[in-house]
Amino acid sequence: MERPALILLAALAALAAGAAAVVVVALLARSVLG
Amino acid sequence: MSRGRRVVLGVICAGTLLLVPAQAAWAHAALLRTSPQASGTVNGSPARVSLGFSEVVEPKFAIISVTDAAGHQQVSGSRYRLPTDPSTLAVPVRHLPAGWYLVYWRVISADGHPVRGAFTFAVGPNPGPAPQFVIPSLSETAATPSLVAARWAAFISMMLALGLFGLRTFIARPAVSEAAGAARAVSVALSVALAAALVAIPIYTVMTTASFALRSALDVTAIVPLVRSSSLGRSFTDLELVVALFAIAAAVSIRLDRAPGRPRSVAALLAWIGALLAAAAMLAVPGLAGHAAQNSPAALSLALDWVHLAAGSLWLGGLVGLLVFATRLPAGRRRDLLAIVVSRFSRLAMLSVAALIASGVGASLQHLPTLPSLWQTSYGQAILVKVALLSAALVLGAINFSRTAPRLVAARSRRDAVLGDSAAALLRRTLTGEVVLVTAIVAAAMVLSSLPPPAKALGQLGHVSAHVGPGRVTETVKHGGYSLGISITPNRAASPSQFSVTIIRGGQPVTGATVIAHFAMLDMEMGQQAYTLTESPPGTYTRSAPALVMAGHWGLSFDVEPTGAAPFTVILVDKAEG
Chain A
11 MERPALILLA
21 ALAALAAGAA
31 AVVVVALLAR
41 SVLG
Chain B
450 MSRGRRVVLG
460 VICAGTLLLV
470 PAQAAWAHAA
480 LLRTSPQASG
490 TVNGSPARVS
500 LGFSEVVEPK
510 FAIISVTDAA
520 GHQQVSGSRY
530 RLPTDPSTLA
540 VPVRHLPAGW
550 YLVYWRVISA
560 DGHPVRGAFT
570 FAVGPNPGPA
580 PQFVIPSLSE
590 TAATPSLVAA
600 RWAAFISMML
610 ALGLFGLRTF
620 IARPAVSEAA
630 GAARAVSVAL
640 SVALAAALVA
650 IPIYTVMTTA
660 SFALRSALDV
670 TAIVPLVRSS
680 SLGRSFTDLE
690 LVVALFAIAA
700 AVSIRLDRAP
710 GRPRSVAALL
720 AWIGALLAAA
730 AMLAVPGLAG
740 HAAQNSPAAL
750 SLALDWVHLA
760 AGSLWLGGLV
770 GLLVFATRLP
780 AGRRRDLLAI
790 VVSRFSRLAM
800 LSVAALIASG
810 VGASLQHLPT
820 LPSLWQTSYG
830 QAILVKVALL
840 SAALVLGAIN
850 FSRTAPRLVA
860 ARSRRDAVLG
870 DSAAALLRRT
880 LTGEVVLVTA
890 IVAAAMVLSS
900 LPPPAKALGQ
910 LGHVSAHVGP
920 GRVTETVKHG
930 GYSLGISITP
940 NRAASPSQFS
950 VTIIRGGQPV
960 TGATVIAHFA
970 MLDMEMGQQA
980 YTLTESPPGT
990 YTRSAPALVM
1000 AGHWGLSFDV
1010 EPTGAAPFTV
1020 ILVDKAEG
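Protein sequence lines, in the order shown, are assigned to chains A and B.
Following this note's numbering, the numbering of the first sequence begins with 11 at its first residue and continues without gaps.
Following this note's numbering, the numbering of the second sequence begins with 450 at its first residue and continues without gaps.
There may be inaccurate statements among the hints.
[As the list claims (entries may be wrong)] Label pairs and their calculated CB-CB ranges: (1) GLY630/B x ALA15/A: 24 to 34 Å; (2) ARG40/A x PRO779/B: 23 to 33 Å; (3) SER640/B x ALA26/A: 18 to 28 Å.
[Unchecked claim] In silico SDA-like cross-links for lysine to any residue, where the CA-CA straight-line distance does not exceed 25 Å: (4) LYS1024/B x GLN978/B; (5) LYS927/B x PRO855/B; (6) LYS509/B x LEU43/A; (7) LYS509/B x LEU37/A; (8) LYS509/B x ALA15/A; (9) LYS509/B x ARG40/A; (10) LYS509/B x ALA39/A; (11) LYS509/B x GLY44/A.
I should point out that these hints are in silico values taken from the structure, not numbers from a laboratory.
We put the beta carbon where it would ideally sit given N, CA and C, even for glycine.
Chain B extracted, bound-state conformation (with noise of 0.2 Å):
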């Protein structure tokens, strides 16, 4: 099979795999229940608070806070898990007197996202109205500076060791044996990215884990015992044991290599396998932290985050790999190597590209729910701009397919030195900005896979008719002959607001009609609520209700059943601050 046929296979291969279709799943720790009931009426004080959640939490990270209307905190003793249902936390409460509680909480998901929420419960049978809560502040993002440049070292310095190690042993091998100086540099390289991976991985994750306990990350004493109490800090330790062995792989593999020129000795070949499997034992552990193990299907999205990286890692390290090859190349034979080196080097870059950008699009799909939300969510934000920081890269890389690689050959060809030298200034000036984009990718690569993933809710959410909010909203949405008067007050997260709708049609109200709200979470995955709306006075239907549990964007959709007439759904996007 030629090299382009082979090319267009994998193209289908991967675009096959994009039409797996993509299904619901949890992508966060959401409360699924809660006891007491959120926003419910319990006759006597209970004895406990427990909160459901759609996976399991660790209670080490878990904040539960129970507080009456002055503030008080009513918690009686820790937090623990129940031992009948290992994703409920529970803490146990004072005896409660008649009145409005409110429950704050804060959990870790297992990709490692803070999550956190409020809801109110009454205590009766005599609660009187419901208060004013104070909420704390209920946005907590793991996108925080230190945290997104802490995971870019560590993931920077990974690929480039994985990718060094693809270039010294693959690509520049017909060239090693010429250019021992060269090929020693690149080891050298190689030996200070896998030592910078092996401090930057404990650093992230003594840093992430120190976030997870809201403690300073110089707290070491305190933090280390916890760092394998989280999915996150396990898999990151464990990347650390998998980056040692690959060091000890990679050193041995490179040591055996004697002969570059002919093909590897048993033993060399056997070192080299042992590099191999570690390098891929190794790319796989990101994906396993973070969104991808969370999604569903997860073989499906595991493997597109697999490719992803292993691609990027080969680019990368490729690129910098052949940047320090190149300035230690002897003079005399500089234009020669660089040809073989090159052309052998912007074939595979050309795939490495193909499978980032199929994975790439793999993932999004995967992960968006909506067109809209590619530049309506920070995640959608952050995917575009590693779009147009590649769509750059991709330029000068085309530059050195299209241009630097046939000069450098027609060069070797023709020995015209004239011409080889003016094509390996301008590799080096490409190469150059190649490197400094990709490392930008990487760095909003960072961003992004620190950020929630939008709600697969938005995706079931339909036509939107207005968007409103934050503070009070006094909104006219026309649909059919039916103008529609929705107000909210005052809406607030975690506090009671009141929906209304006033149904007009032809100057007329609507009586009679049945009107049902329903309330989505569109942030973050959680369970929808749904309240019936009561007419009063004829043609307005209310409810007061603190449906808005946390501040975000909610979807709000009102089904709205006339009598006699065709029942019709309008639906808003409200935004609701704490």
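Chain A extracted, bound-state conformation (with noise of 0.2 Å):
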């Protein structure tokens, strides 16, 4: 694979782990507040 294919992809990554950590805290809200 291309070098700047890799780099879109760890970029990708990461937004997608910034993306679930926020999800996690909004299910986690959901629970706590009802």
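From the two separate chains plus the hints, produce the assembled complex.
This is the structure we're talking about:
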């Protein structure tokens, strides 16, 4: 794979990690706050 | 808009937030109803004893014991939640002969605080006189030194990681191209903080679950399956996952930002946004796991908690990052690069401190029902310790803001090496002092978040005529032209006490009055009780009742309505011991 493609893939993985963290906390908030 | 105006606008917005009134809410699992009724008499043995709480409590961590006057256990099975009402716990009991019984209970609140209590009931028709029960300890706290230390380790490493990330990818970014070694040192510090957080969070979670289950934290095989049974345990296991996601996003973000002198590439920007999202999510978890989520309005207290933690993290992590960065800068460029980074950090630190103070004041207004509770309760005292430490840290911060940063900038423009070196030396000393103080503030915050906030009942109490107890009470209170001789015997928790009020006016007993005694628990949220006192002999109003159902401070209000005269209320704060 080309290097720019790898960089973009890594960036998307980081963005997905951030989005996943937000989803985890949103689910937690829903369970705590009812 | 100028920077000054933006700061003023921010302060006004924060101030407006503080004006939103806090509504009363249950801060803890409070016992609202019992079956059989507390202090009541039932005709015939009940099949079960049930306790209805103000929130859903986990049966796995609950204790309900029912003992007779001789101390024999009467519970015949394990506790369970009522299928029709999940906030009610019940235990089956053996066939109970006529007599008095003590119910002792302990549950874990949603915010992780253990709550204990006791009450008695009698099985009739002829239960006989109430005995003096021996009551197990009614006080339990989440603020033990080992739990506070573990909580501190988890929070400080998490806050450091967030602040170091902010310093590395934002504050120090303009200087990174010329100071690759120093930037690498900050990244290494960030990795160490993240690794420490990933170790400290599970340790704290296991320790706190062990304390809920009243087991040793070393009994890991028994504790781990219980970790997600409590609200606090679920929040902290989620926090571990979110910190791991932040670590991934932060590592990618730093690795992709390869040309720090120039604007970020699209890929670096995407990764940075990912890391910021994870950081924002991380900051929300402690509020959801603690007092903030149990307060009302929850959205406001959660927002205040988020801002408080974010500002604290940027400040603490920034200070440590600046120390690491300053020591690893190339000798020839140290003064110039420091001038850039320190002046950028000083502005961020000032905004962080303003946000810290505003959100801290807001949270205190929400949690403290009265001004005296600031110095009369342990919760208020922990806030005062935080304020004192913060004031000391602010003095050092002010030196950096008004002296060190301008001197570094002046030394850079004038190429004055002597001034630059002395400013750099001053910077190291003040930064070290600030780091020590902020670390101590976080420790005080951990004590604060482990203590139950004072009960809202304190705010509704009104003017207190006298503070009495522990032990037998004989107190004379004057009100208007009346003299009230109040006695409480023996004034012990969870056993019947004789409450008596002798009312005299102009040397004559006041007869035919209506006297109602109200009992409000002041150390935690609990429903109020009221009893009408009966007159015997003339002018003396008495009642024997196990109204002080747990140890601690009680607000006793005596509503007196003399015949043909204006009614009045006399309030005492009584301390009852178990």
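A quick look at each hint next to the structure:
Restraint check, GLY630/B to ALA15/A: a C-beta distance of roughly 31 Å satisfies the suggested window 24 to 34 Å. Checked against the hint of 23 to 33 Å, the pair ARG40/A and PRO779/B fails, with Cβ atoms roughly 50 Å apart. Restraint check, SER640/B to ALA26/A: a C-beta distance of roughly 21 Å satisfies the suggested window 18 to 28 Å. The suggested pairing of LYS1024/B with GLN978/B holds, with an alpha-carbon distance near 17 Å, which does not exceed 25 Å.
For the given pair, LYS927/B sits about 63 Å from PRO855/B by alpha-carbon distance, which is inconsistent with the 25 Å threshold. For the hint pairing LYS509/B with LEU43/A, the CA-to-CA distance comes to about 21 Å; that is within 25 Å, so the pair holds. Only pairs whose Cα atoms come within 25 Å are accepted, and LYS509/B paired with LEU37/A is accepted, the gap being roughly 23 Å. Proximity of LYS509/B to ALA15/A is assessed by CA-CA distance (about 51 Å); at most 25 Å being required, the pair is judged violated.
For a cut-off of 25 Å, the pair hint linking LYS509/B to ARG40/A stands: about 22 Å separates their Cα positions. Pair hint LYS509/B plus ALA39/A holds up; C-alpha atoms about 23 Å apart against a cutoff of 25 Å. Distance check on the hinted pair: LYS509/B and GLY44/A sit about 21 Å apart at the alpha-carbon level, within 25 Å; holds.
Comparing the model with each numbered hint stated earlier shows that hints 2, 5 and 8 do not hold.
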